[in-house]
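Colleague: Here the structure of chain A is known, so what remains is to put chain B in place on it, guided by the hints.
Protein chains in written order, with this note's numbering: chain A, 4 to 310; chain B, 4 to 310.
Check the hints yourself; a few may be wrong.
Stated by the list, open to error - Residues of chain B clear of chain A, computed beta-carbon distances all greater than 10 Å: (1) Glu48; (2) Pro84; (3) Arg92; (4) Arg112; (5) Glu170; (6) Gln203; (7) Arg213; (8) Arg218; (9) Ala219; (10) Leu220; (11) Ala225; (12) Ala229; (13) Thr254.
Said to hold, decoys possible - Sample of chain A residues at the chain B side, in silico, Cβ under 10 Å: (14) Leu181; (15) Leu185; (16) Asp192; (17) Ala249.
Think of the hints as simulated: they come from the structure by calculation, not from any bench.
The beta carbon of each residue, even a glycine, is placed where N, CA and C say it ideally should be.
There are 2 protein chains.
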Amino acid sequence: MNTPLIGLDWGSTRLRAYRFDEVGGVADTRALPWGSRQLPQGGFEEAFARAVEGWPHAPVLACGMVGSRGGWREVPYLDTPCRLEALGRSLTAIDAPDGRTVHIVPGLRDPAGPDVMRGEETQVAGVLARMPGLAGNARLLMPGTHSKWVRVRDDAVTGFTTLMTGELFALLRGHSVLGAGLPEGGADDEAFARGVAAAQASGAAGGLSRLFSTRALMLEGALAPASVADFLSGLLIGDELRMALAAGWATPDAPVLVVGEDALCARYRQAAPAFGLSLQSTPGATAASGLWRVAAAAGLLHGLSHA
Amino acid sequence: MNTPLIGLDWGSTRLRAYRFDEVGGVADTRALPWGSRQLPQGGFEEAFARAVEGWPHAPVLACGMVGSRGGWREVPYLDTPCRLEALGRSLTAIDAPDGRTVHIVPGLRDPAGPDVMRGEETQVAGVLARMPGLAGNARLLMPGTHSKWVRVRDDAVTGFTTLMTGELFALLRGHSVLGAGLPEGGADDEAFARGVAAAQASGAAGGLSRLFSTRALMLEGALAPASVADFLSGLLIGDELRMALAAGWATPDAPVLVVGEDALCARYRQAAPAFGLSLQSTPGATAASGLWRVAAAAGLLHGLSHA
Chain A
4 MNTPLIGLDW GSTRLRAYRF DEVGGVADTR ALPWGSRQLP QGGFEEAFAR AVEGWPHAPV
64 LACGMVGSRG GWREVPYLDT PCRLEALGRS LTAIDAPDGR TVHIVPGLRD PAGPDVMRGE
124 ETQVAGVLAR MPGLAGNARL LMPGTHSKWV RVRDDAVTGF TTLMTGELFA LLRGHSVLGA
184 GLPEGGADDE AFARGVAAAQ ASGAAGGLSR LFSTRALMLE GALAPASVAD FLSGLLIGDE
244 LRMALAAGWA TPDAPVLVVG EDALCARYRQ AAPAFGLSLQ STPGATAASG LWRVAAAAGL
304 LHGLSHA
Chain B
4 MNTPLIGLDW GSTRLRAYRF DEVGGVADTR ALPWGSRQLP QGGFEEAFAR AVEGWPHAPV
64 LACGMVGSRG GWREVPYLDT PCRLEALGRS LTAIDAPDGR TVHIVPGLRD PAGPDVMRGE
124 ETQVAGVLAR MPGLAGNARL LMPGTHSKWV RVRDDAVTGF TTLMTGELFA LLRGHSVLGA
184 GLPEGGADDE AFARGVAAAQ ASGAAGGLSR LFSTRALMLE GALAPASVAD FLSGLLIGDE
244 LRMALAAGWA TPDAPVLVVG EDALCARYRQ AAPAFGLSLQ STPGATAASG LWRVAAAAGL
304 LHGLSHA
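Isolated chain A (complex conformation) (with noise of 0.2 Å):
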């Protein structure tokens, strides 16, 4: 079977490989757990060796935050509003010790945040090659550890904002006073709920003017320890919709698609009604959807057509 590409995902946690088809299917995937922040002994060129062994000599691309200060090469960001189309314009090769080269796909920069992202773009180039009929004007959250939120028009991402919310959650989970120590829960929906109402009742002041009720309730008894994580989490993910309509990344007569790891876009959309958002979920695999379209843009799928 001929391969014409190999896409590499590669965040700062971990690392996905894709060997496509002839159709830009995904043949094979790895999952390893070599990020940028955590290598195996050897670096990037150990953990790109092993995420390729076996597999044809074809061009690679890697998108994420590979390409950050201090991921295999640091290359630069193109700034909002940016096409594209002109991802594929402006990689940056990297010659692998196996004689392969890697291309690396350069991250976006809004000048108005300023913001930055990097892995982000290569899925919008995605899911829009996915729902063509969405390249003209759309709306998207991607939630995470740094959870975006991207508007695009024309083709172009025009702008994008960062909400820390997953990190945050982690921060206050495992170390603050409100969430230390305190025992694994299984999912419990309600505190999630009753989370996302305190966020929403917050008004003006937002979500973390209430955040320290979550020990009040816990010292009264009002909350179980083991549910303090998904109130938290209803919380915070409740205050990041309050900020995304505030700063106007949303309005509650556009929808906006969410695209991620399906738990987590699953309490979005728990979350979203109750400041009148419409959450829309998008098909997987938006990342591999990403790299291969930022490849033929880029000339990389020798001899190949593409949509």
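Modeller: Then chain B, alone, in the frame of chain A:
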């Protein structure tokens, strides 16, 4: 010299012991690193014995986390609205091994939050003992790990809220992608002012919506790594002021008294004008004054006259 009272201001990370003279002045002070979360071998009893070693067998009054769950003894909260005189009528007595009796001041609970405090209620009593003209109507800010915003009317605490600014700062500075591993800086007032301005410019979305700009500014060289902590401090303190205004704990036309450590209070006063707020300093040693006042209300000062 007669010692009518020993006071203990006993928080989660430290213990301050005061030996009072006949007129409520502090004749001697001891500062010990033993809070309710970090105690010597022998626990509370041993810490207490060392704190009062060699001092006369006077009545002992303690406030703060010593009365919390996980403290020496969990003592109840009084609900707001709560007259400050009521604190002295709700003490809990513990018998120490040396035969002394330690009386613990109750904390306060605001059922509207819910929210809780332990120790600050005694500081409020101390501030108003020193500035009795304010007891009719005052707003206080006690900045710190868990900042408290307090409303006083007719010598009663009518409500309060906790904003976790100090703890969020410590988490973001020490453990987040924004601050972990960065060099220590000096006090960079200009970076602090930039953080305050970013919080102010965030409008209704709030300062947390601008958190990730810290990283983007640093990556592009617009914020020196050694100045990140000050920028974050300005952003978070600014956002605390924004939240307090949005939730009605402060109004631009009513001055707020700031009670706490000088350097921290100075930063809050530096940030206040951007939000149209007027923050006024208060005399120091408010916990000692409060302990004396509560002891007087409790009738612990046998035979002494008091204001």
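Colleague: Each of the hints needs a verdict: does it hold here or not?
Modeller: For each hint, the structure was consulted:
1. Glu48: Check passes; 24 Å lies beyond 10 Å.
2. Pro84: Correct as stated: the minimum Cβ-Cβ distance to chain A is 17 Å, above 10 Å.
3. Arg92: The assertion about Arg92 (chain B) holds, with a minimum of 22 Å to chain A.
4. Arg112: 7 Å, violated
5. Glu170: 6 Å, violated
6. Gln203: 14 Å, holds
7. Arg213: Violated, since 8 Å does not exceed 10 Å.
8. Arg218: 7 Å, violated
9. Ala219: 4 Å, violated
10. Leu220: Leu220 (chain B) not clear of chain A: closest Cβ-Cβ about 6 Å, inside 10 Å.
11. Ala225: 8 Å, violated
12. Ala229: 17 Å, holds
13. Thr254: Holds, since 14 Å exceeds 10 Å.
14. Leu181: 8 Å, holds
15. Leu185: 13 Å, violated
16. Asp192: Asp192 (chain A) check fails; min Cβ-Cβ to chain B is 22 Å, beyond 10 Å.
17. Ala249: Since chain B brings a Cβ to about 4 Å from Ala249 (chain A), closer than 10 Å, the hint holds.
In terms of the numbered hints stated before, the structure departs from hints 4, 5, 7, 8, 9, 10, 11, 15 and 16, listed from lowest to highest.
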